[in-house]
Amino acid sequence: MFDGLGKKLGVVFDRLRGRGALSEADVDLALREVRTALLEADVALSVVRDFIDAVRPKAIGADVVRSVTPGQMVVKIVHDHLVEMLGGATTDLDFQAVPPVVVLMVGLQGSGKTTSTAKIAYRLTQGPQGMAGDAFGGSFAVRRKVLMASLDVVRPAAQQQLKILGEQAGVATLPIVPFEQPLSITRRALEEARKGGFDVLMLDTAGRLAIDEKLMAEVAAVRDLAKPTETLLVADAMTGQDAVVTARAFNEKIGVTGIVLTRVDGDARGGAALSMRAVTGRPIKLIGVGEKIDALEQFHPDRIANRILGMGDIVSLVERAAETIDKEDADKLAAKIRKGQFDLDDLASQLRQLRKMGGMQGLLGMLPGAAQAKAAMASGKLDEKLLRRQEAIIQSMTPKERRNPDMIHASRKRRIAAGAGMQVQDVNKLLKQHAEMQKMMKRVNKLGEKGFMRSLGNMMPPGFPRG
Amino acid sequence: MSEPKKSWFGRLKDGLAKSTQRVTQAITAVFTKKKLDQATLDELEDVLIQADLGVAVADRLVSNLKRTRFDKEVTDEDVRGAFAQDIAAILAPVAIPLAIDPARKPHVVLVIGVNGSGKTTTIGKLAKRLVEDGKSVSIAAGDTFRAAAVEQLKIWGERAGVPVMSRDTGADAAGLAFDAFQGAKADGTDVLLIDTAGRLQNKTGLMEELAKIVRVIRKLDPAAPHSCLLVLDATVGQNAHSQVEVFKDMVQVDGLVVTKLDGSAKGGVLVALAERFKLPVVAIGVGEGIDDLRPFDATHFARSLMGLETAS
Chain A
180 MFDGLGKKLG
190 VVFDRLRGRG
200 ALSEADVDLA
210 LREVRTALLE
220 ADVALSVVRD
230 FIDAVRPKAI
240 GADVVRSVTP
250 GQMVVKIVHD
260 HLVEMLGGAT
270 TDLDFQAVPP
280 VVVLMVGLQG
290 SGKTTSTAKI
300 AYRLTQGPQG
310 MAGDAFGGSF
320 AVRRKVLMAS
330 LDVVRPAAQQ
340 QLKILGEQAG
350 VATLPIVPFE
360 QPLSITRRAL
370 EEARKGGFDV
380 LMLDTAGRLA
390 IDEKLMAEVA
400 AVRDLAKPTE
410 TLLVADAMTG
420 QDAVVTARAF
430 NEKIGVTGIV
440 LTRVDGDARG
450 GAALSMRAVT
460 GRPIKLIGVG
470 EKIDALEQFH
480 PDRIANRILG
490 MGDIVSLVER
500 AAETIDKEDA
510 DKLAAKIRKG
520 QFDLDDLASQ
530 LRQLRKMGGM
540 QGLLGMLPGA
550 AQAKAAMASG
560 KLDEKLLRRQ
570 EAIIQSMTPK
580 ERRNPDMIHA
590 SRKRRIAAGA
600 GMQVQDVNKL
610 LKQHAEMQKM
620 MKRVNKLGEK
630 GFMRSLGNMM
640 PPGFPRG
Chain B
5 MSEPKKSWFG
15 RLKDGLAKST
25 QRVTQAITAV
35 FTKKKLDQAT
45 LDELEDVLIQ
55 ADLGVAVADR
65 LVSNLKRTRF
75 DKEVTDEDVR
85 GAFAQDIAAI
95 LAPVAIPLAI
105 DPARKPHVVL
115 VIGVNGSGKT
125 TTIGKLAKRL
135 VEDGKSVSIA
145 AGDTFRAAAV
155 EQLKIWGERA
165 GVPVMSRDTG
175 ADAAGLAFDA
185 FQGAKADGTD
195 VLLIDTAGRL
205 QNKTGLMEEL
215 AKIVRVIRKL
225 DPAAPHSCLL
235 VLDATVGQNA
245 HSQVEVFKDM
255 VQVDGLVVTK
265 LDGSAKGGVL
275 VALAERFKLP
285 VVAIGVGEGI
295 DDLRPFDATH
305 FARSLMGLET
315 AS
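Respectively, the protein sequence lines represent chains A and B. Count along the first sequence starting at 1, add 179, and that's the number in the numbering used here. Count along the second sequence starting at 1, add 4, and that's the number in the numbering used here.
Just to be clear, a hint being listed does not mean it is correct.
[To be verified] Dumping the calculated DSSO-like pairs for lysine-lysine here, alpha-carbon to alpha-carbon at most 27 Å:
id	chain 1	residue 1	chain 2	residue 2
1	A	LYS342	B	LYS158
2	B	LYS223	A	LYS471
3	A	LYS608	A	LYS618
4	B	LYS109	B	LYS223
5	A	LYS324	A	LYS471
6	A	LYS592	A	LYS611
7	B	LYS139	A	LYS564
8	A	LYS564	A	LYS579
9	A	LYS618	A	LYS255
10	B	LYS282	B	LYS70
11	A	LYS342	A	LYS406
12	A	LYS564	B	LYS216
13	B	LYS282	B	LYS216
14	A	LYS608	A	LYS564
15	A	LYS406	A	LYS324
16	B	LYS223	B	LYS252
17	B	LYS223	B	LYS139
18	B	LYS158	A	LYS471
19	A	LYS432	A	LYS406
20	B	LYS252	A	LYS471
21	B	LYS70	A	LYS564
[As the list claims (entries may be wrong)] If you only want the chain B side, here are some residues facing chain A, beta carbon under 10 Å, derived:
id	residue
22	VAL51
23	ILE53
24	THR173
25	THR239
26	GLU292
Keep in mind that the hints were calculated from the coordinates and are not lab data. No residue lacks a Cβ here, since even glycine has one placed at the ideal position from N, Cα and C.
Start from the sequences and build out the full structure, keeping to the hints where you can.
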């Protein structure tokens, strides 16, 4: 239901060709679309308003560079401001204190505190080991001895959950004493951490509503006792307008030093990130990207900005692909995409990878300009079985045919269809799909080489005036 | 399900009161002006958007108001009443409680949703309600993924006085569901509640696993699960659309439960969902206590959301 902002602006600016500077009327028209796009991405209304107010003066009178269109210009201004508001650069955790450095985890029920606690602890105990490339840096590059303690005496078996996660991750947890209350658990945890020579103590708290005065007072008491260096607000990327209320309340009552955004591997647009950042002024430090213990990443503002604007996230796509495809395959694929050589062999291996990677739909959502393909797939009911059938069709081709699909004419199609137990029209469909993918890949590849502006142009609907 | 009338509304209102406050204040602030003009309408639209109703639904509600009352002198109460009425009209058709078919023994209820939406807690509360209704209930702890999920559900089972079938973490959820179904059948249990692991709707593998659970229990009864409830967190924004759409596609969801309505989130996306998917909202969660599951009442919900006293 969400179309990319680029496409929407394309329509708005279809009428405006080759003007020198953006007029006030042009900008207002465009910003109306920006507003809707941000709201649909769950950015809180108050934040949207501030955002628009800040972008407007930047956009009015901005010279439209010769090679771009007004729509592209506005998108660029919006994008840049969004990145700036999201914090510009990645931020790591602060451990500049006398050990044990205390990290306090707070948030609503079900936001993912316990899982995030274990993930962060795991990451810290790993140190530089097992880090993928530039995935983590700064304070994460040092191996630390971590103790985790759960103060959640509300949710049944919450303490046990952390204990089990600790066992799985190889991170120490404070032994559970039944019926012990949060403050005395904290006291015991501090002592244990000191005595045991731990570098970091992570305190996982019970989920609480920001408006629950009693529970907020309780966590404030824990804070006063433990004096955390980091107080991380854990929030779900799927959060709607409430993000701003929750973030403000936690920041005012507890004092937040950073935000952990969870379930970023879902298909939510993640507008909550912008809302919370804007309201608290605190950086988003980490994002949760899966259920596994190592599914934790540092936050890259530009990637979330693209996602909020519905403009795809090519870097995440490549990284996600790299998780399942091995590095070498990924390099090969990237090279092929770059050259626009994407043959049926690649498609076949892609089909296999796609099944592993957890869904074509999710993956396509990350590709710029793929909204159409995604819709086509949804309507065509593309499912796992179809993926397997398409693989079968490709397997029925000769290696030569796979490298050079153009040579596949009627009689070859009949042979291939018979070989795969399919109809000729299925073969046609596959070939057409491949051709479309190839076209898409060619568009994607320009992102890296010709830069941001160019890629925007390619996202505009056909017939959209270019430079 | 029997429920003392005044108590349920009291509890709901308590829960919603905090959510409501902001909406009410905002609307009241708008109506110091009285005459309904475009600026006022724009502000009203903002108020609805802040309740997560979404741009499209907010647009429609506001244009409806514009059509009927534009340029007229209106009071704050008028406008809130009109909105409440319109919202209630959208929600009324979906306010359908969970119907347990007594002929099925057991009536199988599959509970699904994304991670952290409140499935396990909802099952605990639901079990208690059904027991109070005189039904015999058993629970299958189908979240075999999350650490200590089984232990969590077992505690809820104890509180509700209901047996919980479980297997080790990592076990096959479909197999557990099958065995629990067979066991409940043999015992002549009225209701079997099946918990599932939380899953994001864009994870194809996990969604397939869910489809498998349904496939497997259908081997015992082609009509099972007799109810498939999707649990939604009230704090969720527009992603709720995607959640309902995908889960519905995968396993024929036939009811929604909205949780955490006692927070500051308004769950306004429910209005848009009701309009688009027309799925029954069988219950709402308003707290962490075992009694904090309530039937969904469209008028009360709409009026409470708009900060109005109930007429009844």
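Problem set entry | Interface hint compliance - THR239(B) to chain A, C-beta minimum distance less than 10 Å | holds, 5 Å
Exercise. Holds or violated: VAL51(B) as interface residue toward chain A, Cβ cutoff 10 Å?
Worked result: holds, 9 Å
Exercise. Is the straight-line distance between the alpha-carbon of LYS282(B) and that of LYS70(B) 27 Å or less?
Worked result: Holds, at about 26 Å.
For this session: Take the C-alpha atoms of LYS223(B) and LYS252(B), compute the straight-line distance between them, and say whether it is at most 27 Å.
Result: The hint holds at about 21 Å.
Problem set entry | Given hint LYS255(A) paired with LYS618(A) - CA-CA distance at most 27 Å | holds, 24 Å
For this session: For the pair supplied as a hint, LYS223(B) and LYS471(A), confirm whether the alpha-carbon distance does not exceed 27 Å.
Result: Given pair LYS223(B), LYS471(A) is violated - Cα atoms ~32 Å apart, limit 27 Å.
Exercise. Holds or violated: LYS282(B) with LYS216(B), Cα cutoff 27 Å?
Worked result: holds, 25 Å
Exercise. Given the hinted pair LYS70(B) and LYS564(A), is their alpha-carbon gap at most 27 Å?
Worked result: Since the Cα atoms of LYS70(B) and LYS564(A) sit roughly 50 Å apart, the hinted pair is violated (cutoff 27 Å).
Exercise. When you check the alpha-carbon spacing of LYS342(A) and LYS406(A), does it fall within 27 Å?
Worked result: holds, 23 Å
For this session: Mind checking the alpha carbons of LYS342(A) and LYS158(B) for me, to see if they're no more than 27 Å apart?
Result: Holds. LYS342(A) to LYS158(B) sits at ~17 Å (cutoff 27 Å).
Problem set entry | Hint consistency between LYS324(A) and LYS471(A) [alpha-carbon to alpha-carbon, up to 27 Å] | With Cα atoms ~21 Å apart, LYS324(A) and LYS471(A) stay inside 27 Å; holds.
Problem set entry | Hinted pair LYS608(A) and LYS564(A), Cα distance within 27 Å | Holds, at roughly 15 Å.
Comparing the model with each earlier hint shows violations of hints 2, 7 and 21; every other hint is respected.
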